[in-house]
Amino acid sequence: MRKNLLKSYESDASRLKGKALDVFCPRNVDEVRDVVLKNDRVVIRGAGTGLAGGAVPQGEVVLDLSRLTGVSNFDEGRKTIEVEAGVVLDDLQDYLRGSDLEFPVKPSSHAVATIGGMIATDAVGSRGVKYGRTSTWVKWVEVMDSMGGLEKKGVTEMSDYAGMEGITGVIVRACLKLSGIKERSASVIRLGDLDEVVNLVRRLKQRRDVSMIEFLDRAVSKGVGFGDGYHLIVEYESDDGSLKGEDYEKVMGIRDGIYPFLAGKGYIRIEDPKIMIDRFPKLMSWLESKGVPTFGHIGVGILHPCFNVEQEKSIPEMMKLVKRLGGQVSGEHGIGILKRGFVEVNDQKILWNVKKRTDPMGKFNVGKVI
Amino acid sequence: MKKISNTDRIEAGNLMEEASEIFDSCVQCGLCKGRCGVFRVLREEGFSARGKGALLSGKIMDKILFECNLCRACEESCPLGVKVCEAVLKGREAMVLLGRGLKENEKMIGNVRKTGSPFGAKSSTGEEKLFCC
Ligand SMILES: Cc1cc2nc3c(=O)[nH]c(=O)nc-3n(C[C@H](O)[C@H](O)[C@H](O)COP(=O)(O)OP(=O)(O)OC[C@H]3O[C@@H](n4cnc5c(N)ncnc54)[C@H](O)[C@@H]3O)c2cc1C
Numbered sequence: 000m001r002k003n004l005l006k007s008y009e010s011d012a013s014r015l016k017g018k019a020l021d022v023f024c025p026r027n028v029d030e031v032r033d034v035v036l037k038n039d040r041v042v043i044r045g046a047g048t049g050l051a052g053g054a055v056p057q058g059e060v061v062l063d064l065s066r067l068t069g070v071s072n073f074d075e076g077r078k079t080i081e082v083e084a085g086v087v088l089d090d091l092q093d094y095l096r097g098s099d100l101e102f103p104v105k106p107s108s109h110a111v112a113t114i115g116g117m118i119a120t121d122a123v124g125s126r127g128v129k130y131g132r133t134s135t136w137v138k139w140v141e142v143m144d145s146m147g148g149l150e151k152k153g154v155t156e157m158s159d160y161a162g163m164e165g166i167t168g169v170i171v172r173a174c175l176k177l178s179g180i181k182e183r184s185a186s187v188i189r190l191g192d193l194d195e196v197v198n199l200v201r202r203l204k205q206r207r208d209v210s211m212i213e214f215l216d217r218a219v220s221k222g223v224g225f226g227d228g229y230h231l232i233v234e235y236e237s238d239d240g241s242l243k244g245e246d247y248e249k250v251m252g253i254r255d256g257i258y259p260f261l262a263g264k265g266y267i268r269i270e271d272p273k274i275m276i277d278r279f280p281k282l283m284s285w286l287e288s289k290g291v292p293t294f295g296h297i298g299v300g301i302l303h304p305c306f307n308v309e310q311e312k313s314i315p316e317m318m319k320l321v322k323r324l325g326g327q328v329s330g331e332h333g334i335g336i337l338k339r340g341f342v343e344v345n346d347q348k349i350l351w352n353v354k355k356r357t358d359p360m361g362k363f364n365v366g367k368v369i
Numbered sequence: 000m001k002k003i004s005n006t007d008r009i010e011a012g013n014l015m016e017e018a019s020e021i022f023d024s025c026v027q028c029g030l031c032k033g034r035c036g037v038f039r040v041l042r043e044e045g046f047s048a049r050g051k052g053a054l055l056s057g058k059i060m061d062k063i064l065f066e067c068n069l070c071r072a073c074e075e076s077c078p079l080g081v082k083v084c085e086a087v088l089k090g091r092e093a094m095v096l097l098g099r100g101l102k103e104n105e106k107m108i109g110n111v112r113k114t115g116s117p118f119g120a121k122s123s124t125g126e127e128k129l130f131c132c
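In the order they appear, the protein sequences are chains A and B. The first sequence maps to residues 0 to 369 in numbering that gives the first Met the number 0. The second sequence maps to residues 0 to 132 in numbering that gives the first Met the number 0.
I should point out that these hints are in silico values taken from the structure, not numbers from a laboratory. Treat the hints loosely; a few may be bogus.
Unchecked claim - Below, a list of computed lysine to aspartate or glutamate pairs in the EDC-like style, where the Cα atoms sit at most 16 angstroms apart:
#, chain 1, residue 1, chain 2, residue 2
1, A, Lys-264, B, Asp-23
2, A, Lys-2, B, Glu-43
3, A, Lys-181, A, Asp-99
4, B, Lys-58, B, Glu-103
5, A, Lys-2, B, Asp-61
6, A, Lys-249, B, Glu-75
With the hints as extra help, turn the sequences into a complete structure.
Here you go:
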């Protein structure tokens with residue numbers, strides 16, 4: 000790639016800066032193999048919407064899979080489809096339009112995130128409360144190893160690749176399971192205090208037609224124009240919500256835009272701790288005391304506190320609190336470069352074992368996750 | 000090679016500064032890529048608004064700045080309303096001032112000046128002539 004253009008590959012949505020030696024944008028699996036075989040160290044990239052710096056090169060070549068956009072073997076009866084890694088989620092949904100099916104996992108970056116990136120980070124997103132993580136909806140992945148070998152990995156080996164953020168190999172293709180499209184509506188519910196939030200979330204989770212429970216703290220609620228108090232955006236797969244049609248689309252648009260909105264106000268560093276719902280008020284009180292605006296997928300216990308530059312130094316303290324409360328430091332964005340320091344020693348050992356088994360030459364995403 | 004005047008050099012520098020400032024508010028979320036017609040076909044980061052922002056923020060002049068339809072789809076999908084097309088135009092203007100515009104564009108303008116047609120052929124059908132300053 001022209002030297003000038005490397006600059007656009009030296010960062011991702013985490014805004015960490017790195018250095019790319021070169022960038023390759025293969026059009027097919029053979030060209031992917033070529034890149035893999037000819038380079039000692041490779042950083043894999045999808046749409047570069049990752050928030051942990053996983054796709055940021057640190058003196059390696061970048062393998063951009065955005066051009067792998069093939070879709071094949073759509074089987075309406077079995078509700079499956081095969082897609083290449085660079086297919087963008089919304090493009091897949093467009094492709095499926097006309098059938099009765101969709102891919103149900105929906106990160107807020109759905110307009111740009113690739114299926115490869117979603118599997119590699121095991122993205123969750125706002126419908127996690129009903130549909131879980133991306134890997135729940137993957138039948139198999141086809142993975143390229145450091146020698147250029149291709150192998151299909153089924154559900155039993157999925158954890159070696161889904162959520163491993165590219166440290167174990169290149170996901171080039173996947174067979175996805177699909178779900179029936181539902182009529183959807185939504186409501187925005189105002190709540191006075193955190194206990195009310197907990198109680199309502201518990202009740203909503205009992206309902207089978209609830210597919211999204213998103214939390215907005217007081218600062219975020221005000222910022223996006225919902226007014227005073229805490230708010231929940233609840234999506235129903237029925238017409239129980241008060242917002243339908245265009246109004247429903249509008250509120251979903253507001254939801255997708257929360258992080259960019261906060262980042263634009265200087266709250267750039269987004270975190271994704273995961274916590275049990277009964278511990279959530281404790282974490283929230285701490286975040287409020289520090290003035291950190293927070294929103295997130297409360298239905299699955301994932302919060303997105305957003306820190307500005309001055310507040311960033313309190314992140315380790317938050318991580319300690321999260322661990323003390325029995326939570327996880329990353330619920331969906333992954334570890335990448337940003338959160339490496341917070342991985343427990345035991346987890347590191349497990350990850351290293353998987354890495355050594357799957358990528359013994361240490362070719363892929365070195366310096367990420369572990 | 001065209002000699003660049005000092006005034007043009009300063010003007011070009013100012014334009015690049017302004018283009019880079021426009022991207023100060025970009026948070027690099029990448030949502031602009033979703034609707035960019037050029038990116039959706041060519042699928043390289045440099046063609047997207049975020050990619051161009053990375054170049055302009057680093058004051059890098061590259062002919063890729065001319066690979067943009069100025070359709071503003073990226074601006075519509077940008078949650079922060081970054082004025083991408085304005086920045087791209089400033090970048091292009093700076094490049095032209097420094098004699099780094101596209102040869103194809105220069106040829107087209109030359110043709111318009113000479114013949115009134117961007118293709119250089121004199122109109123035989125009596126179509127209206129184009130003019131260029
Ligand atoms: C505005 C915004 C909203 C977001 N909302 C959510 C959300 O709701 N839920 C959520 O989970 N995340 C969210 N994210 C984070 C991000 O969008 C997701 O993690 C997404 O799945 C990443 O996809 P990508 O194609 O951009 O991957 P990239 O950012 O390019 O890569 C992410 C990681 O995966 C690896 N990788 C990418 N492709 C492959 C492949 N084919 N094979 C092996 N490794 C690969 C990379 O090396 C990197 O480590 C959001 C991000 C933004 C900017």
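Results of checking the hints against the structure:
{"no.": "1", "hint": "Lys-264/A to Asp-23/B", "verdict": "holds, 12 angstroms"}
{"no.": "2", "hint": "Lys-2/A to Glu-43/B", "verdict": "holds, 14 angstroms"}
{"no.": "3", "hint": "Lys-181/A to Asp-99/A", "verdict": "holds, 9 angstroms"}
{"no.": "4", "hint": "Lys-58/B to Glu-103/B", "verdict": "violated, 23 angstroms"}
{"no.": "5", "hint": "Lys-2/A to Asp-61/B", "verdict": "holds, 10 angstroms"}
{"no.": "6", "hint": "Lys-249/A to Glu-75/B", "verdict": "holds, 14 angstroms"}
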